[in-house]
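**Q** Quick note, the sequences are listed as chains A and B, same order. Per the numbering used here, the very first residue in the first sequence carries number 1; after that it's consecutive. Per the numbering used here, the very first residue in the second sequence carries number 1; after that it's consecutive.
Be a bit skeptical, because a hint or two may be false.
Cross-link-like lysine to any residue pairs, in silico, SDA-like; alpha carbons within 25 Å at most [stated by the list, open to error]:
id: 1; chain 1: A; residue 1: K85; chain 2: A; residue 2: D30
id: 2; chain 1: B; residue 1: K93; chain 2: B; residue 2: M106
id: 3; chain 1: A; residue 1: K192; chain 2: B; residue 2: T108
id: 4; chain 1: A; residue 1: K192; chain 2: B; residue 2: K93
id: 5; chain 1: A; residue 1: K192; chain 2: B; residue 2: M106
id: 6; chain 1: A; residue 1: K85; chain 2: A; residue 2: N217
id: 7; chain 1: A; residue 1: K113; chain 2: B; residue 2: D80
id: 8; chain 1: A; residue 1: K192; chain 2: A; residue 2: P213
id: 9; chain 1: B; residue 1: K93; chain 2: A; residue 2: K214
id: 10; chain 1: B; residue 1: K93; chain 2: A; residue 2: D30
id: 11; chain 1: A; residue 1: K192; chain 2: B; residue 2: K47
id: 12; chain 1: B; residue 1: K47; chain 2: B; residue 2: I5
id: 13; chain 1: A; residue 1: K214; chain 2: A; residue 2: P156
id: 14; chain 1: A; residue 1: K138; chain 2: A; residue 2: L118
id: 15; chain 1: A; residue 1: K113; chain 2: B; residue 2: G9
id: 16; chain 1: A; residue 1: K113; chain 2: B; residue 2: W16
id: 17; chain 1: A; residue 1: K85; chain 2: A; residue 2: Q3
id: 18; chain 1: A; residue 1: K29; chain 2: A; residue 2: V96
id: 19; chain 1: A; residue 1: K192; chain 2: B; residue 2: G67
id: 20; chain 1: A; residue 1: K192; chain 2: B; residue 2: S7
id: 21; chain 1: A; residue 1: K29; chain 2: A; residue 2: M106
I should point out that these hints are in silico values taken from the structure, not numbers from a laboratory.
Chain residues, written in single-letter form:
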Amino acid sequence: MLQVSIYRYNPESDAEPYMQDVQVDTGGKDLMVLDVMEMIKAQDTSFVYRRSCREGVCGSDGVNINGLNGLACITPLSDRVRDNKLVLRPLPGLPVIRDLVVDMSMFYAQYEKVQPYLQNDTPAPAIERLQSPEEREKLDGLYECILCACCSTSCPSFWWNPDRFIGPAGLLQAYRFLADSRDTATEERLAKLDDPFSVFRCHGIQACVNVCPKGLNPTRAIGHIRNMLLTRAT
Amino acid sequence: MVTAITSMGRSGLHDWLMQRVSAVIILAYVLYVGGVVASGVDYASWKALYSQTWMRIFSLLALLSFGAHAWVGLWSVFTDYLTERMLGAVGDKLRFLAQALSAVIMFTYIVWGIQILWGL
């Protein structure tokens, strides 16, 4: 029997959050963490979490698994479970709505700040704006982000200043559009990132890189932004 | 609210660059003085070293770098932990106090350092 400890909080009935111990019979199989959560929910329907695609595409089920953020649906028990113990907590740093469900408003507000859409006011060509294969290659490792918030909620700088530091997820997207050959708003984008908080709260500890379920590297993208700001200013 | 008005240069890039450049200067100074000390010094050679103008300039540069480096670094620490978000309403007052205190300390060190270097 797998010993599971889950974070429970229902603001309507609980004065404060508590950890609940549950036992789950995995039948000795190396299940995904989400499978275990589904089994717990079958026993106790009041247990709440987000999930949707169950294959690491939608980014709904980001949770803190044995102290490390990850997508429950693509994290096998063998990856995290030590001494037969599994601890599930909500993503750290964001307000908890109930059980493992967090309020992602602050995370989305930072994403919105970087204007994550292509900006180009030049007249559109008849068919499409072409890119060379080399220009397209620059977007690899950037566009794959699914906004699960595993990175930003494992970043201490985002915990302390979630209202001013854009965070790894937002900055990865900021660079995705800075690096796009079709985007013409580079100067305006960079001008908004020069303050002491938006980008420069990153101290390069790479907690974001450590947890990204898609294997992306926000720290590297932030380094590119910093170099662009430096080139622009000198 | 945490704002940028007390940061060193108001620009993140400025502070970031200042932090790196001052770190290199401090490192160079520590390595040089460390090397001198390791190779053995007595009062006469120490006094001779510090009576040269270039050494006084190098020392003052290291001292000013130390002040700037500390300001940028401590500003980051204070705006992380001494905030309304972390401590409630008292956070902003505590942060201002901590910043004012560290500014006075740094200013004192710099003036005192000049006094020592030039034997005023």
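**Q** What hints, given by number in increasing order, does this structure fail?
**A** 3, 4, 5, 6, 8, 9, 10, 11, 12, 18, 19 and 21
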